[in-house]
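Enquirer: These protein sequences, in sequence, are chains P and X. In terms of the numbering used here, the first sequence opens at residue 1 and continues consecutively. In terms of the numbering used here, the second sequence opens at residue 1 and continues consecutively.
Do not rely on the hints blindly, as some may be mistaken.
Partial selection, computed: residues in chain X whose CB lies under 7 Å from chain P [to be verified]: (1) Leu52; (2) Ser103; (3) Ser104.
Per label pair, the in silico range of CB-to-CB distance [to be verified]: (4) X:Arg110 / P:Glu59: 43 to 53 Å; (5) P:Thr270 / X:Asn129: 23 to 33 Å; (6) X:Ser10 / P:His268: 44 to 54 Å; (7) P:Ser274 / X:Asp167: 47 to 57 Å.
Some, not all, of what chain P presents toward chain X, calculated at C-beta under 10 Å [stated by the list, open to error]: (8) Asn264; (9) Met287; (10) Arg289; (11) Ala302; (12) Gly303.
The hints are simulated quantities; they were obtained by calculation from the structure and are not laboratory data. Computed from a predicted structure; not experimentally measured. Ideal Cβ placement from N, Cα and C applies to all residues, glycine included.
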Amino acid sequence: MSVEELVKAANIYPEMHDKDTARLVINKDKVIDTNVVTGLTVNTVEIKDGVDINIVLKENVTIEKPVHLCFGVTHREAIQKIIMNINIGQNSIVSIFAHCIFPNAVDVKHVMDGKIKVGRGAKYSYFERHIHSEEGGITVIPKARIILEDYAKFKTEFELIKGRVGSIDIDYETTCGNHSVMEMITRISGRGDDIVNVKEAGILVGEKAKGVLTSRIALRQNARAQVYNKLVAMGDYARGHVDCQEIIQGNAVASAIPIVEVRNPKAHITHEASIGSVDSKQLQTLMARRLSETEAVELIVAGLLK
Amino acid sequence: MGILEVKNLSLSINGSKILNGLSVSFQEGHIHAVVGPNGAGKTTLGYTIMGLEGYRDFTGDIIYKGKSIKNLSVYERARKNITLAWQEPARFEGLTVEDFIKSSAKNKSRETVTDVLEKVGMSPGEYINRAVDKGLSGGERKRIEFASILVMEPELVILDEPDSGIDVASLNNMFKAIKFLKSNGTTVILITHSLAVLKQAEDAFLLCHGDIIQSGSIDKVSVYFKGKCIPCDHKNLPE
Chain P
1 MSVEELVKAA
11 NIYPEMHDKD
21 TARLVINKDK
31 VIDTNVVTGL
41 TVNTVEIKDG
51 VDINIVLKEN
61 VTIEKPVHLC
71 FGVTHREAIQ
81 KIIMNINIGQ
91 NSIVSIFAHC
101 IFPNAVDVKH
111 VMDGKIKVGR
121 GAKYSYFERH
131 IHSEEGGITV
141 IPKARIILED
151 YAKFKTEFEL
161 IKGRVGSIDI
171 DYETTCGNHS
181 VMEMITRISG
191 RGDDIVNVKE
201 AGILVGEKAK
211 GVLTSRIALR
221 QNARAQVYNK
231 LVAMGDYARG
241 HVDCQEIIQG
251 NAVASAIPIV
261 EVRNPKAHIT
271 HEASIGSVDS
281 KQLQTLMARR
291 LSETEAVELI
301 VAGLLK
Chain X
1 MGILEVKNLS
11 LSINGSKILN
21 GLSVSFQEGH
31 IHAVVGPNGA
41 GKTTLGYTIM
51 GLEGYRDFTG
61 DIIYKGKSIK
71 NLSVYERARK
81 NITLAWQEPA
91 RFEGLTVEDF
101 IKSSAKNKSR
111 ETVTDVLEKV
121 GMSPGEYINR
131 AVDKGLSGGE
141 RKRIEFASIL
151 VMEPELVILD
161 EPDSGIDVAS
171 LNNMFKAIKF
181 LKSNGTTVIL
191 ITHSLAVLKQ
201 AEDAFLLCHG
211 DIIQSGSIDK
221 VSVYFKGKCI
231 PCDHKNLPE
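Input sequences plus hints: build the corresponding full structure.
Expert: So this is what it looks like as structure tokens:
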């Protein structure tokens, strides 16, 4: 598959042809396109079955347009390892939009190992959208360790709602300094015999650190999911919230294990979880508007994953 | 014969008889009110007419346009252009006001959505892209639900406590929207214990302990409602 074909699959044609948009396109273990902008450094090293990436944003730099990363595997069978180190300088601002595209996967393994440091007062957001094949023959293992320095802000969204999940095993952990803010959101739609494991943790070490873990999972047929959300509050006036919703249909099985741990009497964490079939009132409201049960469920699930 | 005939309707929930051999006729194109104290069975009557889950196991019959609908699902009744607005509308995480309203609309254009939002006194620019979730107040969701009913262009609509959670300034918009439904030939059943809502109707039924104990003009029923409808010892005490 050419660059153009990957770009088409990701629906990011304008961004990929804009000289002011930083980007990095990788197919399996080959870097096939890069573009950088002032203040941003992207170094890549092709390794066995993957690419080692080092992204550095200088201090006091604002990248106006989102940086686009495209990690594709166009092969039917392959292993792709992405090692990613990201360092956001103090008071800098950047958004990254990552597209992970595996359109033909029959037996593909995508492994991501990220280490991210967000400097003091910096703002960093990372949106990761996966587009998988309809075969379900893919294993995704994203792991990230994130450190937020004082007053840093970090938001990540992981979305996998197109194509089959296959098997996914997310493992993210964020450590938050004083006055830092962390938000981690996961939206996954599974079916067939998909397996979803989400393990997200936030360690609110600093004073007045804030963190929210949000999971939205929809499962059909024989899909299974386990969501393990952990928030630990250690700093004075640290605040956190865990919010997990899972909708199941058919023979799907979902579980949620929220762990909230408060080690400081001045800190506070809340959690809410809802697992089960589609809410009866929502369903009946839409059916009373002439939507069939199938149409109503589709609409409710689409909203949940939006 | 009315567009909707409820015949000898009895329904028990968890062993308690909520509807007690109730019979009532609703006339096509009229605005009817069903009034009564808390626990009289008003909402249960509405849910049973709509065929909601948990309200299907009753005796008696519900005849719509001359045919029984007692064995029809909610969806099938909606396909016959019957619908209901809840006292407390559902929340839909992630679903925008526009998507929610369009889901009920025959004409799914944005203009249709903005038009009905204006009819219920809501600024389209402010609301159209917001989610129908806990970010909206109960009154806002109530008006949005009402907008979703307007675009549906139903033949019969049951509005459960339509003024619940609605601020005074917005109430007139809701009342105008009810009149708009009537002007389109819709039969409206207002379930209420509010005199302000009752006054929007052309006639009323007083419900107590699961049966109609009074019916007729608004003046006649409202006097009875105000003066006598308190816990009493009339003929319809529950078994």
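Enquirer: Each hint should be assessed against the structure and marked as holding or not.
Expert: Here's how the hints hold up against the structure:
| no. | hint | verdict |
| --- | --- | --- |
| 1 | Leu52 | holds, 5 Å |
| 2 | Ser103 | holds, 6 Å |
| 3 | Ser104 | holds, 4 Å |
| 4 | X:Arg110 / P:Glu59: 43 to 53 Å | holds, 45 Å |
| 5 | P:Thr270 / X:Asn129: 23 to 33 Å | holds, 28 Å |
| 6 | X:Ser10 / P:His268: 44 to 54 Å | holds, 51 Å |
| 7 | P:Ser274 / X:Asp167: 47 to 57 Å | violated, 30 Å |
| 8 | Asn264 | violated, 28 Å |
| 9 | Met287 | holds, 4 Å |
| 10 | Arg289 | holds, 4 Å |
| 11 | Ala302 | holds, 7 Å |
| 12 | Gly303 | holds, 3 Å |
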